[in-house]
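**Q** Residue numbers (the numbering used here), protein chains in the order written: chain A, 17 to 354; chain B, 17 to 354.
Quick caveat, the hints were computed from the structure, so don't treat them as lab data.
Computed from a prediction, not measured in an experiment: that's the story for all the values here.
A hint or two may mislead.
The list makes no distinction among identical chains, and a pair is therefore deemed to hold if it is satisfied within one copy or across any two copies.
[What the hints assert, rightly or not] 25 Å max Cα-Cα, derived DMTMM-like pairs, lysine to aspartate or glutamate:
| # | residue 1 | residue 2 |
| --- | --- | --- |
| 1 | K121 | D37 |
| 2 | K101 | D37 |
| 3 | K121 | D22 |
| 4 | K248 | E323 |
| 5 | K121 | E30 |
Number of protein chains: 2
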Amino acid sequence: MRRIEDLGERRIIEIILNCIDLMPNMPIPFGDDASAIEINHEKLAVIKSDMLVGKTDVPPGMNFRQAARKALVMNISDMAAKGVKPIAALVSLGVPRGLTEEDIKQIGQGLNEGAREYNAYILGGDTNEASDLIISCSILGIGGKNKFVRREGARLGDIVAVTGVFGKAPSGLKILMENLSVSAEIKDVLTEAVLMPRARLREGLTLAEMGAATSSIDSSDGLAWSLYELSKASNVGFLVEEIPIDPEVIRFAEEYNLDPIELSLYGGEEYELLVTVKPESWEKAKESIEELGTPLTRIGLVTEEKEIILKTKGRITHIEKRGWEHFKMAKQTSEINL
Amino acid sequence: MRRIEDLGERRIIEIILNCIDLMPNMPIPFGDDASAIEINHEKLAVIKSDMLVGKTDVPPGMNFRQAARKALVMNISDMAAKGVKPIAALVSLGVPRGLTEEDIKQIGQGLNEGAREYNAYILGGDTNEASDLIISCSILGIGGKNKFVRREGARLGDIVAVTGVFGKAPSGLKILMENLSVSAEIKDVLTEAVLMPRARLREGLTLAEMGAATSSIDSSDGLAWSLYELSKASNVGFLVEEIPIDPEVIRFAEEYNLDPIELSLYGGEEYELLVTVKPESWEKAKESIEELGTPLTRIGLVTEEKEIILKTKGRITHIEKRGWEHFKMAKQTSEINL
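Build out the structure end to end from the sequences listed, making use of the hints.
**A** What follows is the structure, given as structure tokens:
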């Protein structure tokens, strides 16, 4: 009988899914980034849960406050991708022995920060002793039934776009994990991206409100992985012609002889949005997001062939189906939705 | 600096609460058994999270299927106490290495059973590697704003009542924990109560629908503890004159020279409802619950003095503020709401 360390998380999810009765007429398909039930003909109660586990989700150098804040941000990022305003959060805590009163205070502060930065509130939860630090968050919001942006929905000819720039968090993670010595200036920028991630909530809400996005996902498991997830759900392919990379990432990559595209495509912990946008909405969408101070970059097009192609400087390669890997789980990828 | 093993869970919660900004105009006060946001003037989106941790919530003899089912039941029991129909569940799993494919299948089956027994569905979740088995559930339901039964609301003269009979799960737990040899017949009944707990959902929904219950809580942390929680929230006391005890518990207690009242008051893992009922609604409430095949027993009265008194056979004692203690946490009590 195979053990879970050989199964991988995807197989675990497959086994569990085989046991689950699907709710009839689900307003949002199973496997999207958030789930929902219908309140009435117009509105959905949208819910999202994701668990942070200390040993796999908290890199060296991240303190308790940052870890607790991150537990909220990673959930809020999914609500952002779906275009749903998070209103309330519940937190189930597992705390290992040995933590001090001060550590708990830091956790409390981080939880509150993570919620309040996005105008949400923590409404309750529970606490338990556990061997690892566990911060399991659930976020609740109310969404318009026709505003919810699914993974499914990208159509041939839609523009593929991302918020922000890529590579910072994966580079910062590499610096923290391998304790690399880089100039303080680069180090600060890159590690800050890991330690204090920000969810693109205003951006996600704006795109949903405008009805501009035809499909959306965040890039927390890596841009390449997210492209594959959207491709699978929407049954289309993508031609990627540009990836906006942070200049500090390019400097860091040069210094360590790394490929900045590799860092940007296959790293994780990057909470940008990957969206497909109707061509006729593109200019207005770009303008609206840039008014928020965030770049929205066209990185390519939706294609009929179900392949994900990278075409830069005349070179054509296949983007690989590789995702972000856990700090301690070489074979597996992080927090995959059931 | 004190460490969490010396702080206790209540102090941990206090520290965290001190860091949290409270949502203005919360429809349900912080610290009740479920949380809610307003959908409109009539309806609430109600959410509840509670985490099962293998080493503290799974007694010897409980298999993975039962543990996963229990993770749902303990959350649904809280929804039952509040009179809210659970519709959907999300599950965040932490799975330790060494589990097999079959174990995961058992977990999947238990999760589905726990939801489907109460007509709810699992809509999503995530999975992670962790050192302990962690099953963190969140339940979502839609409730009527005026139907929600809080911890606050018991009024002087209200009848105090419980569903079912007490002592089975605490006795069963003792049998499992201490590997006691009792007759197969008693053992089956008592351990079944621990391994396959049932939430009093139909009962809770019926009492809420009738508007009969003025306050309510489940008894999962022990009947005594629940009496104290209702007393604190409603700012009243209770005179308890009767505790319905299961006959098998009396036989078991005799055999092991235990006090059946002790087992019934201070044990936990018992998912009955403790409610206060308006005197004018009592007969109808009792009848309606008994139509469901469940006894609803008047155990006492709400009193002005904020004490919890037990008066049986002419003897008057104070019920102590002691609750259910974790399997491995001698000093602490289980799953306390933030």
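**Q** Give a verdict on every hint.
**A** Evaluated hints:
no., hint, in the structure
1, K121 x D37, "between (41 Å within a copy, 14 Å between copies)"
2, K101 x D37, "between (29 Å within a copy, 18 Å between copies)"
3, K121 x D22, "between (38 Å within a copy, 15 Å between copies)"
4, K248 x E323, "within (10 Å within a copy, 62 Å between copies)"
5, K121 x E30, "between (38 Å within a copy, 10 Å between copies)"
The structure is consistent with each of the numbered hints, conforming to all of them.
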